[in-house]
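Residue numbers (my numbering): 9 to 131.
Treat each hint with caution, since some may be false.
Only pairs whose alpha carbons sit at most 20 Å apart, straight line, appear in this in silico EDC-like list of lysine to aspartate or glutamate [to be verified]:
no.: 1; residue 1: 116; residue 2: 66
no.: 2; residue 1: 116; residue 2: 72
no.: 3; residue 1: 116; residue 2: 43
Derived from the structure by calculation, the hints contain no laboratory data.
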Amino acid sequence: MMETEENIVIVGAGIAGLATSLALHRLGLRCFVLESADSLRDTGFALALWTNAWRALDALGIGDSLRQRSLSITGFKSFSADSGAPIKEVSFVGNNSVEYESRCVRRKELLETLANELPQGAI
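Let the hints inform the model, and build the full structure from the sequences given.
In structure tokens:
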């Protein structure tokens, strides 16, 4: 029987590339991430991630770790651009019929957490 080796190459070590690589590694598929920069590009400050994003991070096995270093968003208020008067307030906790999870996470921490979960030399 002939042995075959399959290599998966992902171009770019941004959030999508690292998350895809981690997911494939968790499935037992070996892959490599190619990045032209010398280090992770952690420009930008933070991301507001909603329920489905947290479910995806949980599936990757890093959701709980990131929750400990994130800020929970419990709702929002909108204001009139003209008068500055409040227009609407929406709460994500309490009497909502839908459960929301919204948190703000630093982009750098998200990238580093993804990268640190990958095997040595995967990037």
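Now the hints, each set against the structure:
1. 116 <-> 66: holds (18 Å)
2. 116 <-> 72: Cα-Cα ~16 Å, so holds.
3. 116 <-> 43: With a Cα-Cα distance of about 16 Å, the restraint between residue 116 and residue 43 holds, given a limit of 20 Å.
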